[in-house]
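There are 2 protein chains.
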Amino acid sequence: MTLADANDYCPGISLDCVIFGFHEGRLKVLLNKFSRYTKWMLPGGFIYKDEHVDAAATRTLVNRTGLSDVYLRQFYLFGDVNRTNMDENEDMLIRQGFSKDDEGVSKWFLQRFFSIGYYAFVEYGKVEAHSAMDEEVAWFGLDHIPPLYTDHNHIIDKAIATIRSQLNSIPIGYELLPEKFTLTQLRIIYETLLDTKLDRRNFQRKILSTGLVYKSDEVYKKWGQKSSALYSFDKDKYQDAIKNGISIF
Amino acid sequence: MTLADANDYCPGISLDCVIFGFHEGRLKVLLNKFSRYTKWMLPGGFIYKDEHVDAAATRTLVNRTGLSDVYLRQFYLFGDVNRTNMDENEDMLIRQGFSKDDEGVSKWFLQRFFSIGYYAFVEYGKVEAHSAMDEEVAWFGLDHIPPLYTDHNHIIDKAIATIRSQLNSIPIGYELLPEKFTLTQLRIIYETLLDTKLDRRNFQRKILSTGLVYKSDEVYKKWGQKSSALYSFDKDKYQDAIKNGISIF
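Protein chains in written order, with our numbering: chain X, 777 to 1025; chain D, 777 to 1025.
Excised from the complex, chain X in its bound form (with noise of 0.2 Å):
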């Protein structure tokens, strides 16, 4: 951001975006990283002063992945006293012109930052992460995060315990998993944000009495493996049992 931009955007408040995607077996988040910092971060932005902030969530989401159409939610404000976005950018700031003694603009960039978490789950399949000339976009395993920058670590950490707390009324495996998934695959999504492994026999005991998949006529083979059967959310069911509360655990 120059200082220039800076004049478009509501002072003090930013937004961040903890991006799920499901890809080889693990459960994974988008990060990105500008050419001028040496921290991974989330993708994340400001918002424009005519601007709604779930719609600035949205355009953020659409910059990185291409996807618009996309389960989206806040979940929580960071609002820190400490949580600045000077971890380690203020040297470059200032010599674009930012000054903490500045009344105006530049002040409240320089200042205490609030910034507004939401979580997206995408499909893995249909991301286009778009990296640009000084910005890289990744994919990490939650298992891989690296040290963050400012409070990245702690808002995806937030993410985690907040989606745990609601796991039974979100649409996970749903947004995660491409039409024809195992149940294997969806076991592993809720293992990681449960953080505890389930049997696998009761789980597909469970989830198949909720009659919320069904078995598809195809199969997934790995060479040399056994081949798994494909199953299939039924979506009307699913979206009923979302709004109501699903019972798997």
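Keep in mind the hints are simulated off the structure, nothing from the lab. All values reported here derive from a predicted model rather than from experimental measurement. The C-beta atom is built at its ideal place from N, Cα and C for all residues, glycine as well. A portion of the hints provided could be inaccurate.
Here are some of the chain X residues that sit facing chain D, going by a computed Cβ distance under 10 Å [claimed, not checked]:
#1 C786
#2 P787
#3 G788
#4 I823
#5 D826
#6 E827
#7 D830
#8 D856
#9 V857
#10 R888
#11 I892
#12 Q942
#13 S945
#14 K1019
Mind docking chain D on chain X? Use the hints.
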């Protein structure tokens, strides 16, 4: 707020608390009205520049209810472009020296405002609702909320929708009811939040089967009515159940 005070707060953001209590068989919300306004509003406030946003919410709650150790949770950042603090007090603020053309402190107060919504459950009997010279405080049944200041009716609706979607993981009854209560009281709370009638016997059977409540040796008796058994929550079991999600509905 005066112009002098404005300088102490984070610009462009406020907080509003939806405080729920249960009294005389009805779920109620605490509202306040300043003498210079015609409309009632949610108890709310601003965030000091050196204060965590959650601490600001606790301060607001203590000021209005006298209670500090209360179930209080952030639930949504209200970020509509057109929401301002300007419902009816613009003239008053301009008389006090606020100016839309001012580039400094007073400008943000007359422009676009974010508000972070909190909900709280309090035990009605413990609240000391403080009315001051210029501020009236009162409880309103959820079916008798008047048209409120700016978007505060919407904030209440959103709080209820959020609570409804998390009904199995928040300790509603535990926080709202006194130590001993009737199952009818507990049922009414769920009925109000779900906006539906629940079968009396079915509800009783389900609640008792969870083992979360136990019959006390006291009864509730109103003149001319049948006596009702009084129940209490098993605190340890209840806390565990909340963590893992109660499955009542």
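Status of each hint after checking the structure:
1. The interface hint given for C786 of chain X holds, since its Cβ lies 6 Å from the closest Cβ of chain D, which is under the 10 Å cut-off.
2. With a least beta-carbon distance of about 6 Å to chain D, the hint placing P787 of chain X at the interface is held under the 10 Å criterion.
3. At its closest, the beta carbon of G788 of chain X sits 6 Å from a beta carbon of chain D; the interface hint therefore holds under the 10 Å criterion.
4. Because the smallest distance between the Cβ of I823 of chain X and any Cβ of chain D comes to about 7 Å, under 10 Å, the interface hint for this residue holds.
5. With a least beta-carbon distance of about 6 Å to chain D, the hint placing D826 of chain X at the interface is held under the 10 Å criterion.
6. With its C-beta approaching chain D no nearer than about 7 Å, E827 of chain X sits inside the 10 Å limit, and its interface hint holds.
7. A cut of 10 Å between beta carbons decides the hint on D830 of chain X: the least distance to chain D is about 7 Å, and the hint holds.
8. Given the 10 Å rule on beta carbons, the hint for D856 of chain X holds: about 6 Å separates it from the nearest Cβ of chain D.
9. For the restraint placing V857 of chain X at the interface with chain D, the shortest Cβ-Cβ distance is roughly 6 Å, inside the 10 Å limit, so the hint holds.
10. Interface restraint check for R888 of chain X: the shortest CB-CB distance to chain D comes to about 7 Å, inside 10 Å, so the restraint holds.
11. The beta carbon of I892 of chain X comes within 5 Å of a beta carbon in chain D, closer than 10 Å, and the hint placing it at the interface holds.
12. Because the closest C-beta pair between Q942 of chain X and chain D is about 6 Å apart, less than 10 Å, the hint holds.
13. The criterion of a C-beta within 10 Å of any C-beta in chain D is met by S945 of chain X, whose closest approach is roughly 5 Å, and the hint holds.
14. Taken as an interface hint, K1019 of chain X checks out: its beta carbon lies about 9 Å from the nearest beta carbon of chain D, inside 10 Å.
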